[in-house]
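S.K.: Sequence:
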Amino acid sequence: MKIPTLKPVNIHPSIRALFALFLFTVACSQGLTAQITRGSLSGNVTDPTGALLPDADVTLKNPANGEEVKTISNGEGEFMFPSLAIGNYALTVEAKGFKRIVIQSVIIEVATPARVAVALAVGEISEVITVSNAQELVNTTAATLNNIVERRQIVDLPLSSRNPIELVRLQAGVTGSGATAANAAGLRGATTNITRDGINVMDNYTKQPNFNVLTSPTVEATGEFSISVGTVSSDAGRGVAQVRIVTPSGTNQFHGGLFWYHRNSVLNANTFINNSTNTARPFSLQNRVGFIANGPLYLPQAMFGPTSYDGRNRSFWFLSYEAFREPFTVIRTRTVLTPEARAGNFRYVGANGQMQSVSLYNLGNNKTENPILKPLIEQTPLPNNSLVGDGLNLAGYNFGAKSLSIVDRWSSRFDQVLTEKSRLGVHRLEFVFHRTPTSLTPDTGNNRDAPFPGGINGVNNTQQTATAAAIHSTFGLHVANEVRFGHQRTPFFFGPEKEPTVPFFLNLPLITSPINTAQTVTRNTTVYHWQDHLSWVRSAHTLRFGAETQSITYHNFSNSGTYPTVTLGTNPANPDGVLNTFFPSLPAGATGQTIANRARSLYAILTGNVATATQTFNVTSPTSGFVPRAGSQYPIRQREINLYAMDQWRVRRNLTLNAGLRWEWLGVPNVLNGLALLPVNGVAGLYGISGEGNLFNPGVLKGTAPTLLDFAGKDKGRPYYNDDWNNFAPYFGFAFSPSGESGIRRLLFGTEGRTSIRGGYSISYLRDALSAHRAALVNNPGLTTTVINTAPTGVLTAAGVPVAVPIFKTPITDLENFQRNPVTGYLDTYDPNLRTPYVQQWSFGIERQVAGKIAVEARYVGNHAVKLYRAFDVNELNIYENGFLQEFLNAQKNLALNNGASFAPGPAGTMPLPIFAALFTGLPVASGFGNTAFINNLNQNNIGILGLALATNALYATNRTRLAPNFFRANPNASNAVLIANGAFSNYHSLQLEARRRFSNGLLFQADYTFGKAITDSEGSADNFEPNRTIRNLRLNRHRANFDYRHTFISNFIYELPVGPGRRFANNGPGLWRKALEGWQTQGIISWHSGLPVFATSGRTTVNDQLYMNPAQLLGVSFEEFKKNIGVYKTPQGVFFFNPNLINITTNTNGTLQAATLKDGILGTPAPGQFGNFPRNAINSPSFFQMDFGVLKRTRISERANVEFRAEFFNLFNTVNFGSGSLAFDAARFGQVTGTFPSRFGQLALRINF
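To convert, note that position 327 of the sequence shown is 326 in numbering that gives the first Met the number 0; the numbers rise steadily by one, no gaps.
Simulated from the structure, these hints should not be mistaken for lab results.
For every residue, glycine included, the Cβ atom is placed at its ideal position computed from N, Cα and C.
Treat the hints with care, as some may be off.
[Claimed, not checked] Derived EDC-like pairs (lysine to aspartate or glutamate); straight-line CA-CA distance at most 16 angstroms:
1. K69 to E419
2. K715 to E751
3. K60 to E93
[As the list claims (entries may be wrong)] Label pairs and their computed distance ranges (CB to CB):
4. D407 to Y360: 31 to 39 angstroms
5. P729 to K1123: 27 to 35 angstroms
6. A1177 to P326: 40 to 48 angstroms
7. P729 to Y1107: 36 to 44 angstroms
8. M910 to K1123: 37 to 45 angstroms
9. S275 to P729: 38 to 46 angstroms
10. L284 to P499: 32 to 40 angstroms
11. P47 to H1046: 31 to 39 angstroms
12. G74 to V130: 21 to 29 angstroms
13. D407 to S275: 20 to 28 angstroms
14. A797 to A572: 19 to 27 angstroms
15. R311 to P47: 33 to 41 angstroms
16. S275 to T332: 21 to 29 angstroms
Kindly generate the complete structure, drawing on both the sequences and the hints.
M.R.: What follows is the structure, given as structure tokens:
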């Protein structure tokens, strides 16, 4: 099937105008560059007396590529390089009457200000003083909480996925045991903003996991990256957790490498659960191979003649590739016919205990084998096991579905010096391209593999790309500019290897159909990202201005259900003529009926007797109507524009102030093909006949009904919601560096540049995932409908079974939608004044350099997120004002007096039930007072579920007219009336401690501890739908965030062992001895955190129909007493999160656990009309500890080449980290832990570096 494509849409006029404006700005060069993928360097120059020295010449050169920039110190002795590519530079400072000084190593890192203090000595300028490193270790210039993951950490630390993003968890304030699923600063995932080479590379559709990068970087393709988690400056927007990834560039020398990383089952430990059940260790096999190469562009004269070119100091390239392969097998068990059943002989054990066999072709209305079904049955193999089926007519077929996961990661970069020492400035081009194709064939992960060997498989593949191009310019000594454009594509394809050749699918009873019904589903999120960042150093001020615009478009396509599906069997209009009397010695009762029904199903498979036919139809445009076999497609685009200005003011030698203002416009999303249905009367439409805001007033009808839904959008004169233009985000920060030359001040603060007291405040606006908008814009039914032909006749033919094409109409009423789907039918709309969410952040801390090369920091970090998106149901079930609660209580009393058989009034002592009586009028007892589901609900206090059934089930629709239309719900024509609004918040407070040592003399380490608390009323999700516990009291939503880890400690280290040539120990000896000892290194990551918050649940709907947010009721114990029994308890019957002495443990004769129920009198069901009193998220699941450790040996084979072997083990000590098990008070296995975090697994690697 050809998938429809979208016509290109013109760029919005405002974006065109802004683009033109900044092209003009660049041409005029009145501006600067922000710290997007680059860093900066500032410093001061002093004479021997400590006086600041103006007019000193300052030169900064990168020896790797020859890049050189110059400036002079100002009247206050300060100098500034505002825009520098990351790398290791040499700094030269000279002035008349003073010796020249050369600082050999000044490291520039992404988005991080570096600073040096240069003290000149009196002498001739021809005299040179060389200093290895004079760079300050503490941040004395900015308040932003930023951490650098440097190249050495990326390359050497053990990474299970070899994705450097795993290392975001090394930053204080980032919590979670997962890698990409971590949370930052106690905030939901929408607060994360990730760029790669300055370009948005997130999964902008779902934004989940929180740190997911679709064009996933590799170790080789990452030069370094930074992560900021608080007090974000004005040059960064759309989030608090700012991750900036930079691709390495080439240098003047050729470098490269080959690598192979390998895993297999032998290196792994079995899981704790598998060991306890004597289950074998699972199979595992992974291989990663690839290469890295970089250098100058060089075209030798011998080969290229007059076109030869030496690109040293001008042209550089970088290329890396990683191939990932993981084969695995999934065991499939299918149900097939036995040889006897294929011949039409149905077998069963009769009432006399004897085997009976009946030829189905001699029974019923159709006595011949169906020619359509015969070849399909022949495609199914004969059984090879009896794991499924009755063993007589049906049996199992087991086989291994072999699958292969393939990921190829390509990254490339090219840098070119465009002009040097030109009157028009110095200009450098940067071009980066990433490509990550992936495939899973067959797609066993989504159960899309072929039903049987040799069949058509479903596949899962992607082709993700990201491109970035930038021009870096400097104009004179004080002005710089960066203009950057980028594009990301992330197409996903889920579907069959080839389109089905059959005109319809078959739903076969009893057996597995040989037809793979996997249908095509695609999605693609594209990003166009343009930005300009300008810097201007003027006296003691570094001014920064910038602008950016993004256009994010989500394309989707799905033809699920569009193929007609024929179900075989019978319907009242098409009986099969097979009677129970045709089966001799048929057992009586349910057993015999089950046998007869199985025979009828087999008869349908053989003869093709049809029961129903189903087909889904979609609208493809506002005027198309329903189009047969057309897929659904709802492309959504959202645009944004951001402007900022900020100033870094060096007020005094030891005091820097930072201030800025950012303005952001996040446009209203737009469904490009116009297919967005929303209520005509907006929010009032959600409340229907009750009227806007008129909740819980049965009989008071202030609204209109039904609610009409029609196409919406700006072009229809009905925007989804209004634009938000006043999003101004201020930023203020300070960095104060006290010092002392002697006495107590020196003891406390050290000399200049060794202590920094920093603090700041800022606001960051947020962009939610497009999936949140898609849910709102396409949830309203009407554009997709499924039609069922319930009365086809005859047998299956090649023409299939006709399904009538429905008639599409707009406007459509909520009542019509509700009648089609009364249980899950949604009615969604936006708050017309929906605002852009934002986070207020603040921090204060002190940083101190101690013990030479070690810096420590203590800081308080907090934030408050407001106006967060939340989608919630305003159509809450009413049980109070309508008297239904009291009637439910009366029904419970009646049920007790009737000995649990019925809750009907009548016997002595029972009470009248007028509401139930009105709804049950004219219905059989099984649908009314004797309904077993209702009786169970009464026994379990489930007033919500019972009320929901009465309010929505079509069986009671006629009788509901005896009550007020809004008796149970404000809008009786909607199951869920969902409002998308600014309905959520969060608060976060933390103490963060950090100690770090940059790699030097063979040692690097970093340790971080976070003590924090995150409070929220909604954690957020892909669609942000989270019902309130009750609209009556919104404060009940407030709780510890589900991702709130109270304590988190993480550290990492790299240590080169001091043995071998050039080292402290064993540095002499025979050649082989030196080779054996050289290049040994250890590295690791140690992490520990407290558990996630959990609580005991009731699983009851005692207040409304919301199930999961209702805690259990504490009965005979207090919460503190209950809490004392929480822990990890290991018993012969398993591991429990709750004291097993308080659990009724039942085992079989082998000692295997059969049940583990909580003893009576501890927890119970909340009373009808009340929530449980167990505090929500008040206890913690078990804590987590893991150490990942690696050993590495580098052996030199020449001056420029070495061989590297490494062994890495994740969860080195095989620490068993348990979950909390089920805490539902009536769970069959209360508190039993059935899962653990991964056990130890190993990885071996071989590298050749040159």
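S.K.: Which earlier hints turn out false for this structure, listed by number in ascending order?
M.R.: Hints 2, 4, 5, 9, 11 and 13 contradicted; others consistent.
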